[in-house]
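So the protein sequences, as listed, match chains A and B. For the first sequence, position 282 matches number 773 in our numbering, and the numbering has no gaps at all. For the second sequence, position 45 matches number 47 in our numbering, and the numbering has no gaps at all.
The reader is advised that the hints may include incorrect statements.
EDC-like mimics (lysine to aspartate or glutamate), calculated; alpha carbons at most 20 Å apart, straight line [said to hold, decoys possible]:
1. A:K822 to A:E668
2. A:K746 to A:E702
3. A:K595 to A:E668
4. A:K742 to A:E702
5. A:K631 to A:D558
6. A:K781 to B:E53
7. A:K866 to A:D848
8. A:K781 to B:E22
9. B:K24 to A:D743
10. A:K557 to A:E702
11. A:K589 to A:D915
12. A:K924 to B:E80
13. B:K68 to A:D558
14. A:K960 to B:E20
15. A:K733 to A:D885
16. A:K924 to B:E7
17. B:K29 to A:E958
18. A:K781 to B:E7
19. A:K864 to A:E882
20. A:K595 to A:E609
21. A:K781 to B:E20
22. A:K924 to B:E20
23. A:K960 to B:D31
24. A:K880 to A:D809
25. A:K589 to A:E575
26. B:K68 to A:D915
27. B:K57 to B:E26
28. A:K517 to A:D758
29. B:K19 to A:E776
30. A:K924 to B:D47
31. A:K654 to B:D37
32. B:K24 to A:E776
33. B:K57 to B:D31
34. B:K59 to A:D915
35. A:K924 to B:D37
36. B:K29 to B:E80
37. A:K865 to A:E875
38. A:K960 to B:D37
39. B:K19 to A:E780
Simulated from the structure, these hints should not be mistaken for laboratory data.
Residues per chain are reported as follows:
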Amino acid sequence: MAMQNYDAAVIGSGISGMTSSLLFAKKGKRVAVFEQAPHIAPLFSGFDRGGVHIESGFHYSGVLGKDEIGGLLFKELGLNIPVELCSQDGYDDAYLLKSGRLFKFPFGRNLFEQRLIEFFPYEKEGIKKYLNLVYDQLSKIPFLNFHKRKYKNEEFFCFLDDKITLSEVLNNCFNDEEIKSLLSFSSVLYGVPPSKASFVLHCCCSGIMFETVWKIKGGGAALVKEFKRVMDNSGISVFCNKKVIKIEVEKDKKKLTFSDGSQILCDICISSIHPKEFLKIAPPETYREKNVRRIQALPETDGFFILYGKVKDGVRIDTNNMGFLTEDSFKKDHKNAYYVNFSNANPQTVCAVMAVDSAEKLWNISQSEYEQKKKEISQQIKDEIKKRKPELLDQIEFLGIATPRTQKRFVNYYGSYGIMHAADGANLLPITKVGGLFLVGQATISPGLIGAMISSFLLDKIVSRAENKNA
Amino acid sequence: MMTREEIIKTVNDSLMKEFELKPESMKPDANFFADLGLDSLDAVDMVVVLEQAFKVKIRKNYEVGKIMTLNDLYNYIENLVKENG
């Protein structure tokens, strides 16, 4: 039997994989997506336990409005994603434990600035300086101004490569440790500690929540469902339980071999999986040897222990995240940060989260040690909540705990945001040394929903540019 | 003092050798990323080979971030060599 032949094969069906499949289908290509897990977008889809749906990958995001970059990208892909604004007056709650105050994060520059000054009047000058720096950076980041640029505009291919860290900027603007902890709290949303995160990355991930913050109605699963609907309408073939174990170059084609022994051919192959997993299956000529070693050495973002459950009947909690900040949270780089996340679903679900360094490798332990560890960590998280906000324990019915090892089983990597975009490291880009073999996903450009989609749009522009030049 | 032609030749020779680029791809308007297939990981080595070739220090500053084509690079190196001249 002849081998199946596709114009474009996408490895992995997360946000970037699905986005790429749609963009190549729009070019009139015959596209197939291969996912190793039993269903598509396992991280973003979340999971069902105890009759409720738990979000594992997505809670909220900036710039999803119809005139903002996220909304524009959805529209470009033909996706109809229902979004709703979070409470402008406070979408996240930060408990400042030293001064015993509750800071509700608002969005909108004026509101944010006023509230910061109200809480930290002695840092007024620094607050203005910090916000100016963020807004200045936001206006310069190419991908946040993506829709204004065409592939013919060379500037599009310029990437800011800033080595200034978030810690440096905060230390430069402020003396007070509490405000530094507060303004770096959001680093848990992209998994890079303030001392390692470049200020540009911080602006890409957190700065984009200064103007608007949105939830998706129905959560991550609703977004995945809408992606799938449009992919089906576009004639994209999706294969689950299909793990690629080797990519080979055969003349102008790529040959993909799967764990079940089957093979396909394609002209273009797009990997949306973790770059270190990609290295294991990619042909040797994909990167120069020096760069293979650089990729292998890239650090991982933190993983998360997620103690999940549901909010009891009759209780409704109106915030996304509840974070607990000590005076030295910033100095300690938000190591082992705790926060509690609430969904907007009904019944309302909750994830009490503790970040854990991916380098700790808790997952290499035996099954019995692992079960014991899960119990210990569950208790540790509960104790922490009891200390900080004891009434929560009566309002929540806990159902179980997910660990980085759980995530590894479904997604094939531990750290929630994949590779760490550290200020002292270089970012990966979608191109490789093999023509027609590309890389997209959180590791290229920027992490998160927006970062993953942008990486696919960037690849689309690279391909369009090349086709345009050859025409 | 190096002439611009010498600078162009040295840049091209260094990059072709390090990254196995073909002479015909070394056009002044070639974009490093989109035409030459060099990514940000390669940029690290690019800085190293150019520093060795020109005996200059290339700081990773904002100016470097604006270099997108070979011609941008020729201009940048030309200025750097002049300053150090």
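Check: Among all the numbered hints in the text so far, which are the ones the structure does not match?
Finding: Violated hints: 2, 4, 11, 12, 13, 14, 15, 16, 18, 19, 25, 27, 31, 33; rest satisfied.
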